[in-house]
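**Student:** Residues per chain are reported as follows:
2 protein chains.
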Amino acid sequence: LRSGRVDLGQRSETVHRANLSAIVRGIHEGGPMSRSDLVASTGLTRSAIRGLVHELTDAGFAMESTAVRLGTPGRPSPVVRLDPRSAVVVGLEILVDSIAASVVGLGGVVLREARADRPGRNLEVDAVVGDVAELARDLDFDADGTLIGVGVAVAGVVRRSDGLVSTAPNLGWRDAPLGAKLARALGVSVPVAVANDADLGALAEHRRGAAVGVDDVLYVSGEVGVGGGAIVGGVPLQGAAGYAGEIGHLPVNPTGRPCRCGSTGCWETEVGEGALLALAGRPRDAGRAGVDRVLEDARAGDPTAVAALSQVGRWLGIGLAGLVNVLNPDLVVLGAMHARIHPFVHQSIELELDRRTLAAPRSLVRVVPATLGPNAPMLGAAELAFEPFLSDPAAWFSGRDVSLRVASA
Amino acid sequence: LRSGRVDLGQRSETVHRANLSAIVRGIHEGGPMSRSDLVASTGLTRSAIRGLVHELTDAGFAMESTAVRLGTPGRPSPVVRLDPRSAVVVGLEILVDSIAASVVGLGGVVLREARADRPGRNLEVDAVVGDVAELARDLDFDADGTLIGVGVAVAGVVRRSDGLVSTAPNLGWRDAPLGAKLARALGVSVPVAVANDADLGALAEHRRGAAVGVDDVLYVSGEVGVGGGAIVGGVPLQGAAGYAGEIGHLPVNPTGRPCRCGSTGCWETEVGEGALLALAGRPRDAGRAGVDRVLEDARAGDPTAVAALSQVGRWLGIGLAGLVNVLNPDLVVLGAMHARIHPFVHQSIELELDRRTLAAPRSLVRVVPATLGPNAPMLGAAELAFEPFLSDPAAWFSGRDVSLRVASA
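The listed protein sequences correspond, in order, to chains W and L.
Just so we're aligned: the first sequence equals residues 991 to 1399 in the working numbering.
Just so we're aligned: the second sequence equals residues 991 to 1399 in the working numbering.
These aren't lab readings, by the way, just hints derived from the structure by calculation.
Model, not experiment: these values are computed from the prediction.
One should not assume that every hint holds.
[Said to hold, decoys possible] Where chain W lies over chain L, by a calculated footprint (3+ residues, C-beta under 8 angstroms):
(1) 1171-1183
(2) 1223-1230
(3) 1314-1325
[To be verified] Calculated from the model, a selection of chain L residues having no Cβ within reach of chain W, i.e. all distances over 10 angstroms:
(4) Asp1048
(5) Asp1073
(6) Pro1074
(7) Leu1113
(8) Glu1124
(9) Asp1206
(10) Ala1276
(11) Gly1280
(12) Glu1286
(13) Thr1347
(14) Asn1365
(15) Ala1385
(16) Ser1388
[Claimed, not checked] Some but not every residue of chain L turned toward chain W, in silico, with C-beta under 10 angstroms:
(17) Asp1205
(18) Gly1235
(19) Thr1245
(20) Gly1246
(21) Arg1247
(22) Gly1252
(23) Gly1255
(24) Arg1346
(25) Ala1350
(26) Thr1361
For glycine and all other residues, C-beta sits at the position ideal for the given N, C-alpha and C.
So here's chain W without its partners, still in its complex pose:
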């Protein structure tokens, strides 16, 4: 029976741990909540909430303070916060042009972060792993509370089960065991979870950015390559092995340019960084700085730059029209380079959506720029690393609660 499985034998302990998880996840995602809010949002009794919150404060993960409730009658309800330093993760990001590292505390608080541009640098897996590990060590990632895990966003196709980068055409990697290599380089024994950068950008924008509260979202992330991440019914779209979302390799132009993936006419050959730069008469490899120049020129009214952006916008609209027909999202979030060029491309996008999207999904969808900026994938990597903790915080309790010790024995 695939659904409705209810295992009565373990019910009370399972429910207890699920309730702790619900409280921690709710505050981690939504911010501090009063006990009354927790009662309302969980359906648990006031005394059950009191007991669970005490377990969390006893274990050192939460703190309570009295809220000042202006204009609300009655006794103010204590506000429950998470202690960001009680559980931390390392969020890492590996793009073609840059790497980044962060230490993120419970509740999604960025404690420390750093980014290093490395255009033209050695892209060998070991060289990149060494540089990323150094960046993370410079942030003293184990100087805080319990290290829960490490999350890594990488511009490639990742097998979720073991962090193997199957292909990263723009990094030139194939079958690279990135998760294992990073665990060794960092000298950590906690899990290292690796995922595609756009999938994690989508997760971050859904949890803390432009798509908070929206259940059906397509996140498009354009840089050298173009990736995507979708949220479907509130859940990240993974596919059979975590490879879903490779929207940059939709064939949109049968007479188009060769793509680094080996095919021709992929969407990324029309809407990636190289396409914009070439249309604007600049070297394809001029990078982020080159794109900034194109944007400056366009702001100054330069017709070549304006035409290049409008052409990229037209192709953005063509691909998005197809994806909106397939996925029926409420919201399309443009990230990375596509967020930066949004003011210059949104009209062309809307025009193509009007022409090419069926009326019903067209009437529902909005296209907006991402709000978390270039760090979205790294923030998503941190969220990924927090996941085991959020699913079962009690597993990190150090034995104050007898029933939990018994249950895990």
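Could you slot chain L onto chain W? The hints should help.
**Tutor:** This is chain L only, laid out in the frame that chain W set:
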């Protein structure tokens, strides 16, 4: 708190009804099961299963018989079956060329069915509704047990919440309240659930056809138009309002032919029935019979027919390559016309998938023809109509169980 909500106040009654649902759904989808199988698959105790099965037999929905267990030691465990005539649904299908109706019993048993070709007939909503209702009445749909609901598969974009057909380009419909009209024409007060034909074909192939047990599936249904339905992580992909899966309107050839949706170069202009017929030198509107002729010619070695099929296969592969990159399915199921032409197009498809799909998702995916034949959408419509019953069979109990009566009061 979005996840992990556990409402303790109603726990025991909620768990009881969920357990009844798990048993009924398990047998409906997987066939008769012994009590021992039910114990193993639900995690419930033997005595809990005994009690729940008795409730189902008392209510008239299940029957028990003693299994003969060859070679198994010990007392044989009674086998629990559902009575197909105790709860029935009407499954309907509305395509451009034909309509169909069925009476389906609990467990997915097709009790009666009929299909009527109506090529060239009046496609006005009311005319089609009248014909479909007549076909259903001819099947004596209310001659059996309790009528649970009506499900309708239609070749159009459907708003799930109320059965409004927003657009059906190939039927020429816009904003047609199909669900409401059918309820009136059939004279029923049970719910009439309407959904896109390809979405329902996907559901049926997933539950009873080529994709049983596969969690990530893309179903492609080619006829006059081309539709799709995806199963993502075991769950049908719906999108924000149930419009997802319109894969026929992926722009694959922006300088291609005009599409009935108003755009140009949509996938269905390259792989739909009209495209195949035109390439084979036949009238675009020669329909299913015309396609049969093309297949006969190809079997006889006619080069025009063979070339036409291989060209359609190439475009099938191009579009599928993009969709596999986006969705990372384990399995692509070709339905309707695409199932019939599969022997002549599968090589071209595989070739384009090799060229255009990223290595990782490519290595996982298989492309197979559907196994349920042309009735798949209608069978899916019946499954849709059973859904409220499967989710809470106790709501149909007629008061034998006091606790249920109290709970629903």
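**Student:** Evaluate each hint against the coordinates.
**Tutor:** Against the structure, the hints come out as follows:
Check result for the stretch 1171-1183 of chain L against chain W: violated, 0 residues qualifying (beta carbon to beta carbon below 8 angstroms, three or more required). Given a C-beta distance limit of less than 8 angstroms, the hint that chain W covers the stretch 1223-1230 of chain L holds, as 7 residues qualify and 3 suffice. Closer than 8 angstroms: that is the beta-carbon criterion, and the stretch 1314-1325 of chain L has 6 residues meeting it against chain W, so the requirement of 3 holds. Against chain W, the non-interface label of Asp1048 of chain L holds: every CB pair exceeds 10 angstroms, the least being about 20 angstroms.
Here Asp1073 of chain L stays apart from chain W, with its beta-carbon at least about 19 angstroms from theirs, past the 10 angstroms limit. No beta-carbon of chain W comes within 10 angstroms of the beta-carbon of Pro1074 of chain L; the shortest separation is about 19 angstroms. No Cβ of chain W comes within 10 angstroms of the Cβ of Leu1113 of chain L; the nearest lies about 19 angstroms off, and the non-interface call holds. No beta-carbon of chain W comes within 10 angstroms of the beta-carbon of Glu1124 of chain L; the shortest separation is about 29 angstroms.
Remark: the non-interface label on Asp1206 of chain L conflicts with the geometry, its nearest Cβ contact in chain W lying 4 angstroms away (cut-off 10 angstroms). At roughly 26 angstroms, the least C-beta separation between Ala1276 of chain L and chain W is larger than 10 angstroms, which holds for a residue marked as non-interface. Once the 10 angstroms rule is applied to beta carbons, Gly1280 of chain L is consistent with being away from chain W; the minimum gap is 26 angstroms. Every Cβ of chain W is farther than 10 angstroms from the Cβ of Glu1286 of chain L; the closest lies at roughly 30 angstroms, confirming the non-interface assignment.
Consistency note on Thr1347 of chain L: stated as away from chain W, yet its beta-carbon is not over 10 angstroms from all of that chain's, at 8 angstroms minimum. With a minimum CB-CB distance of about 24 angstroms to chain W, Asn1365 of chain L clears the 10 angstroms threshold, and the non-interface call stands. With a cut of 10 angstroms on Cβ distances, Ala1385 of chain L stays outside the contact zone with chain W, its closest approach being about 15 angstroms. Annotated as non-interface, Ser1388 of chain L keeps its C-beta farther than 10 angstroms from every C-beta of chain W; the closest such distance is 22 angstroms.
Hint status for Asp1205 of chain L: holds, given a least beta-carbon distance of 7 angstroms to chain W, under 10 angstroms. For Gly1235 of chain L, the interface hint holds, the least distance from its beta-carbon to any beta-carbon of chain W being 7 angstroms, beneath 10 angstroms. For Thr1245 of chain L, the shortest C-beta to C-beta distance to chain W is roughly 8 angstroms, which falls under 10 angstroms, so the interface hint holds. Annotation: interface hint on Gly1246 of chain L holds; nearest CB of chain W at approximately 8 angstroms, less than 10 angstroms.
Annotation: Arg1247 of chain L was flagged as interfacial toward chain W, and the flag is violated, the nearest CB pair being 13 angstroms apart, outside 10 angstroms. Below 10 angstroms, beta-carbon pairs count as interface contacts, and Gly1252 of chain L has one with chain W at about 7 angstroms; its hint therefore holds. The interface hint given for Gly1255 of chain L holds, since its Cβ lies 9 angstroms from the closest Cβ of chain W, which is under the 10 angstroms cut-off. Among the interface hints, the one on Arg1346 of chain L holds; its C-beta lies about 4 angstroms from the nearest C-beta in chain W, closer than the 10 angstroms criterion.
The interface hint given for Ala1350 of chain L is met, as the beta carbon of that residue sits about 4 angstroms from the closest beta carbon of chain W, less than 10 angstroms. A cut of 10 angstroms between beta carbons decides the hint on Thr1361 of chain L: the least distance to chain W is about 20 angstroms, and the hint is violated.
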